[in-house]
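Protein chains in written order, with the numbering used here: chain W, 1 to 428; chain Z, 1 to 428; chain C, 1 to 428; chain F, 1 to 428.
A few of these clues could be false.
Each pair may be met inside one copy or between any two copies, as identical chains are not told apart.
Mimicking SDA-like on lysine to any residue, the simulated pairs with C-alpha atoms at most 20 Å apart in a straight line are [unchecked claim]:
1. Lys-420 <-> Pro-346
2. Lys-420 <-> Gly-35
3. Lys-420 <-> Leu-38
4. Lys-420 <-> Arg-239
5. Lys-67 <-> Pro-346
6. Lys-420 <-> Ala-344
7. Lys-420 <-> Glu-248
8. Lys-167 <-> Ala-37
9. Lys-143 <-> Glu-248
10. Lys-172 <-> Asn-364
11. Lys-420 <-> Ala-37
12. Lys-172 <-> Ala-139
13. Lys-28 <-> Arg-247
14. Lys-420 <-> Gly-251
15. Lys-172 <-> Asp-268
No wet-lab data here; the hints were simulated from the structure.
Protein chains: 4
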Amino acid sequence: MTRSDVGRLLGALFLSALAFEPAVGQTKARARDLGIALDGTPGRFDAITDVPGVEVGYTTLIEGEGKRTVGKGPVRTGVTAILPRGHGSFGSVFGAFYAGNGNGDMTGTHWVEESGVIETPILITNTLSVGTVRDAAVAWMVKHDAPGPFWYPVVAETSDGRLNDQKGLHVKAEHAMRALDSAAAGPIAEGNVGGGTGMLCNGFKGGTGTASRVLAAEHGGFTLGVLVQCNYGTRSQLRIAGIPVGREIEGYTPCVAQRMEPPVLRADGTPAPVCSDSSGLDAPAPDEPNEAEQGSIIVVVATDAPLTPDQLKRIARRVSLGMGRLGSIHGNGSGDIFIAFSTANPGADAGNSDVDGVALPPANIQRLSSDAMDPLFTATAEATEEAIVNAMLAADTMTGADYWRYYAIPHAELQSVLTKHGRLVEQR
Amino acid sequence: MTRSDVGRLLGALFLSALAFEPAVGQTKARARDLGIALDGTPGRFDAITDVPGVEVGYTTLIEGEGKRTVGKGPVRTGVTAILPRGHGSFGSVFGAFYAGNGNGDMTGTHWVEESGVIETPILITNTLSVGTVRDAAVAWMVKHDAPGPFWYPVVAETSDGRLNDQKGLHVKAEHAMRALDSAAAGPIAEGNVGGGTGMLCNGFKGGTGTASRVLAAEHGGFTLGVLVQCNYGTRSQLRIAGIPVGREIEGYTPCVAQRMEPPVLRADGTPAPVCSDSSGLDAPAPDEPNEAEQGSIIVVVATDAPLTPDQLKRIARRVSLGMGRLGSIHGNGSGDIFIAFSTANPGADAGNSDVDGVALPPANIQRLSSDAMDPLFTATAEATEEAIVNAMLAADTMTGADYWRYYAIPHAELQSVLTKHGRLVEQR
Amino acid sequence: MTRSDVGRLLGALFLSALAFEPAVGQTKARARDLGIALDGTPGRFDAITDVPGVEVGYTTLIEGEGKRTVGKGPVRTGVTAILPRGHGSFGSVFGAFYAGNGNGDMTGTHWVEESGVIETPILITNTLSVGTVRDAAVAWMVKHDAPGPFWYPVVAETSDGRLNDQKGLHVKAEHAMRALDSAAAGPIAEGNVGGGTGMLCNGFKGGTGTASRVLAAEHGGFTLGVLVQCNYGTRSQLRIAGIPVGREIEGYTPCVAQRMEPPVLRADGTPAPVCSDSSGLDAPAPDEPNEAEQGSIIVVVATDAPLTPDQLKRIARRVSLGMGRLGSIHGNGSGDIFIAFSTANPGADAGNSDVDGVALPPANIQRLSSDAMDPLFTATAEATEEAIVNAMLAADTMTGADYWRYYAIPHAELQSVLTKHGRLVEQR
Amino acid sequence: MTRSDVGRLLGALFLSALAFEPAVGQTKARARDLGIALDGTPGRFDAITDVPGVEVGYTTLIEGEGKRTVGKGPVRTGVTAILPRGHGSFGSVFGAFYAGNGNGDMTGTHWVEESGVIETPILITNTLSVGTVRDAAVAWMVKHDAPGPFWYPVVAETSDGRLNDQKGLHVKAEHAMRALDSAAAGPIAEGNVGGGTGMLCNGFKGGTGTASRVLAAEHGGFTLGVLVQCNYGTRSQLRIAGIPVGREIEGYTPCVAQRMEPPVLRADGTPAPVCSDSSGLDAPAPDEPNEAEQGSIIVVVATDAPLTPDQLKRIARRVSLGMGRLGSIHGNGSGDIFIAFSTANPGADAGNSDVDGVALPPANIQRLSSDAMDPLFTATAEATEEAIVNAMLAADTMTGADYWRYYAIPHAELQSVLTKHGRLVEQR
């Protein structure tokens, strides 16, 4: 049984599973396990949690199968929570955002743009649950006695309307709170978890992914980590290690897992193919009419390098370069929104959370010089690239609403294509 | 009985009133009724609804009095809804936003920034109800079969945490829907209505205000209207018709309407004054420790001039000039966020709402030339200035949570100060 | 002989004067001397040079009179140079810019936006001399062994095409160098000096102006200074101390100082009035066809408060609020471009000037917290307002190319109008 | 004799050549000639001039050799001029810019940002000649009776300080004028021409490059063309067709063409290698200390698609995605500045050039809908990618100041590497 067979099997098992708890650790091979050519030196977990203090939690909601009934299901969604300084503190971090293409939402960014301060956790969910999750974040901060009179939670989204009964609004406040409460350091799950549960990416099953880079000592030895909720792109655009693998792998086309009357339609109005078998190999080839890019990607970049908000804006803008390597065009239908923060300089600026209303004296902080930024720019591009690939590799084939099935990118076939192009290196 | 006596009486009456329905029309004198020196030519209603197609609706929530109990009240809040093209159509408009100071939230702006299109109503509420109102807007669009697979509703906020039990989350989805359903053209209520119900402005009671300008025929004869939810500023900053009236009017200092143990504290930690009588005249003078600006203002600008999104961005940025006239500094604690839209060019760009997924041919539209923008810039500054003054003049003195009382700016005293400075013109 | 008579006399004398050297000190009454109502506490010189380290130099070119002959004159132009850290050092400062209306040019801003660092002096001249002055700045930096392989000098402009033979390109490299070499601390000249020599402001003669504010000790005691090259606005827009003084003062309309055939035309195609006498009192009233705003204003804000680039961007944006007080609409024809810098944190970031190419370790710097920004925002609005008024008050009536004459705003009449409105306070 | 041998020979010949005239047509193989894997359909010339109306002209300055003497040479520089609507008209175009990394200058962008209008030609030269070229552009517009009272020419730069005596300021006004006068439609020269003459790109010789895409009829059939002046990047970053070819090609390391005392130093302080022979094969391998990215790239995007300024901003931002494919990190030392314009909608907005000062009525224009943008985004990424590769392929090995020699990327070795990776397709 190959790795990708396992993936398919797991996908089938998930069909009827109900999983509130985040998977612990990683069960599928990641990009470096497979030997995909990548640059740079990752941190211990090759994850955003390599940045000291950063904690990540998920709530994953998978329930039901078959025809979509709004309010009933099937449910394929969730919430991802990132705590920049972990549970021990609500301390603010310097931050900045950039939208590669703003067909999406991320609340709370006006204050980030103005002050350069992020005072709340960062949450990611589906498009229609942003309101619920925003309110839950407020309630959670009240419950935990977070300082300050009010907050503008940073809540981002990508749409899982294909696989999930998104209009059924299955994400409740308790799910957001659970993601926040369960946030932890250390290795984190990828793939069909948290907000990434029902996502699609470059024509395959998408989800949550992460990666990190550690800079050389002479560049300060800083760590930079990335977490993505990957839901963007088309198969023909996709390049991995520079190779248009989406075009070279055959089959695995999204399809409907049983014959339906009337047939399920794709976004372009043509009938969706019916899955001939679990492999999808008999389904129409990817050069069939592509569906327009209507996905999105949220990218969170964390670092312990001492950057001020103006410098974090530069970091956020470099995410586009990592996506460029993978063939992205920041399509009109895509909400490609990125947020970067630095865990250095704790207590430097309390933003609105300064409880007593007395202005603080100037803070003594550290700030990297401009000419030391390049290794961080490189790390941002590289870790973004790898986190997206990891999201795809970790995702399991999923069948969701109206029997739509999206296949995980098949590991063995991917390796085969990359071997053919001399882009598979020795496996880690 | 003077006009301001009436205001105080009305304020008292409101204490125990429960008002879900928007006030119809205007009962108090507006800026031009009082003879305040203002430039330009207003439209028929001197309101944002002078722009053909624009509709406005309110839900006003006023209930209970006395000590604050989270979840119980007192309640002084609401929702304001602006429908750029009215109920007849969900058609998109070109739009753009600008944050004078981004200590606030307005959801949905990433897509406005990217595409230049606003596809949803614009709603304004209190800070902690943004999530609820956003979700309600989605539900309302689903209910009304709005085109498109999903939306990013534009929901803005200012905080009513002083007078309202804001953390009690009294705004429910039904309130947002009612504001949307009740939206109408014609004259609109001002003051303690809708999202503006519990607002404070320049040390006095604030709220909702509006104004408009009609351009001369040789400038195209276009209409531009402004609606504000005014919650920003300090009394010492306030200038009306160029005169620092906040400093020259005596008394009317915010105070607590009964003696409490322990005393209620202001934001700067000093005890709040106890209201000596309904006039507030014995309360400490405004040169007593000022409370830091922690308010906000949302400004919505509508026009029927044919502007493209890049030109609407220019309009949004001019709101600052109107606020500058009134003494604003875009204080750090203030969420001064502005959104502008044009009702010209219907159907020019459906944004995400293009139902069939087939890209449209280029639209034939009209666009003003750059050198014709000045009259619109002037109108934006003037209507912003007047709408803020109207919000203050229409607001009634209100006593809210923990007996905090904020006084309406007294009309007679205001006129007296302006007369002294030769800034009162013949009343309309 | 009144002060304004002196102004007129000086204006006449200037007609045939050739002045390369900057005026030392201030000979005419400034805003506070006249008792104009203004807030805040200015520094020792009420000038940008109150910020320690900041130096300002001018080259003023006034030569010839009569009909315009391109390349011959008349010449009414110059160069202003601001050295953020004075001659002793080319050390960089943190900086940021904002364009209220970008109908103008300021070179070098891409690098300021990206890095937050200004590594060159800031120069201001006329529109068509930007290239010459930019090259001269480079040459001057080479001559003085400034560190770094190359620079992007910050050179801004406003147009003096009405009074000056601007297309004659009379500013030479030596003039820019002289302005740089002559830069000094201490009191600085205002009015018809430096780049401001031939400028027009709000329908009167404009020029260079400055002002400053010192914060209270509990706000850190920082100094913030502003220098403007004022060339924007129309007379009907102008408000001083909140009063539309441009409408209330009679006469002083720009006119042509002798009868010409064919008559000189204004921008709107109507014939310019012929000056009836030196007072201009018989010239058409200001409610005659106004010329469209086609001027500009460059505003330079300096402070010793420890602000990072993201915070300086907030400062730069507040300039609009000071201009709003004076009635500005950031007209389409106006290049209202602002640049702010902080002299705190010397050596924090060398930008491109780091000679050895080895990245520096993170710098230890100070940064103000967000909630301490308000006094600086207030200072920015106030000092901008006052610097513009000072520019107008210090300017002398000037007759330039084609006998166009622009009158200095008459001090006595201005005082008279403000007295009438109760906006003249005790003179300093 | 292989193609790359010819390149070397031509490089040698250029050493003593003086070339004022632009090369006509293309003499070396371009990306598609070599069979490099690229997507999309180019236009007739695969050049920016495929967009009807766009004209390009060059002045190329190559003179002298040997030791650098400031003011004497050697000279390896020039000027590139792009006329958006050709010589026949100074008519404005809608435009927008974006800086991927703003360590560079492009004058005139404040007005482009504000109005969305470009009213001047676009010129590109070396860093220190921006002032001269800007002034020359003004003079040229005066000479040709361009409408309007003044202009803010768009002049961009990248530094040729390594090969050219940049501080010698060899570009004169006449050279800029000649580039403007010689601008023409049709096929255009690439490589060591115009402003690109002395440029370096990804560790090899850089220069000017171009490419275009024609959209399918169902996407409107529009043309989009790109011109680059390529001077950015390091060899280890470079990926072509997804393959890190800079690492796989051996030799060709920049070196000094004769032994010198003291040795010439690289930016990192280490001695530069001495060229062992014309192939550079014995020179240190590319894994030797890399020089930091200190280059830049200017990218000009032209299209005849009917885009408004807000949409052109989206186009300009997509240039980063094309650069991402090639491995760029938008390094701190790099001035990666992009400007996009649309030749559709002639006469829509005259900007400042409206001669009579009377505001025009709203223009009837066309505007693409948001959901039709993707093919243009794809075209932008693809044409940017190809134009950069074309710039490198067309450049000839050049020896400049202080005998520094930069090698053209060797065509045969490049093909060999790509063949090994299965990334060479059938040659055009």
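Okay, the hints, checked on the actual structure:
For the homomeric pair Lys-420 and Pro-346, neither the shortest alpha-carbon distance inside one copy (49 Å) nor that between copies (50 Å) is at most 20 Å. For the identical chains of this complex, Lys-420 and Gly-35 are neighbours both inside a copy (13 Å) and across copies (18 Å), given an alpha-carbon limit of 20 Å. For the identical chains of this complex, Lys-420 and Leu-38 are neighbours both inside a copy (17 Å) and across copies (18 Å), given an alpha-carbon limit of 20 Å. In the homo-oligomer, the alpha carbons of Lys-420 and Arg-239 lie at most 20 Å apart both inside one protomer (14 Å) and across protomers (18 Å), since each shortest distance falls under that limit.
With identical chains, the CA atoms of Lys-67 and Pro-346 are never at most 20 Å apart, being 50 Å at best within one copy and 37 Å at best between copies. Taking the closest pair of Cα atoms, Lys-420 and Ala-344 never come within 20 Å of each other, the shortest separation being 44 Å inside a single copy and 45 Å across copies. In the homo-oligomer, the alpha carbons of Lys-420 and Glu-248 lie at most 20 Å apart both inside one protomer (10 Å) and across protomers (17 Å), since each shortest distance falls under that limit. Proximity of Lys-167 to Ala-37 under the C-alpha cut-off of 20 Å is found in neither arrangement, the shortest distances being 40 Å within a copy and 43 Å between copies.
Proximity of Lys-143 to Glu-248 under the C-alpha cut-off of 20 Å is found in neither arrangement, the shortest distances being 52 Å within a copy and 44 Å between copies. Neither within a single protomer nor between protomers do Lys-172 and Asn-364 lie at most 20 Å apart by alpha-carbon distance, with minima of 41 Å and 44 Å respectively. Proximity of Lys-420 and Ala-37 under a CA criterion of 20 Å is satisfied in both settings, with 13 Å inside one chain copy and 15 Å between copies. When the C-alpha separation of Lys-172 and Ala-139 is checked against a cutoff of 20 Å, the pair qualifies both within a copy, at 12 Å, and between copies, at 15 Å.
In this assembly of identical chains, Lys-28 and Arg-247 lie within 20 Å of each other by CA distance neither inside one copy nor across copies; the values are 23 Å within and 31 Å between. Taking the shortest Cα distances, Lys-420 and Gly-251 sit within 20 Å of each other inside one copy (18 Å), while across copies they are farther apart (26 Å). Taking the shortest alpha-carbon separations for Lys-172 and Asp-268, neither the intra-copy value of 32 Å nor the inter-copy value of 37 Å comes in at or below 20 Å.
Hint violations for this structure: numbers 1, 5, 6, 8, 9, 10, 13 and 15, all remaining hints satisfied.
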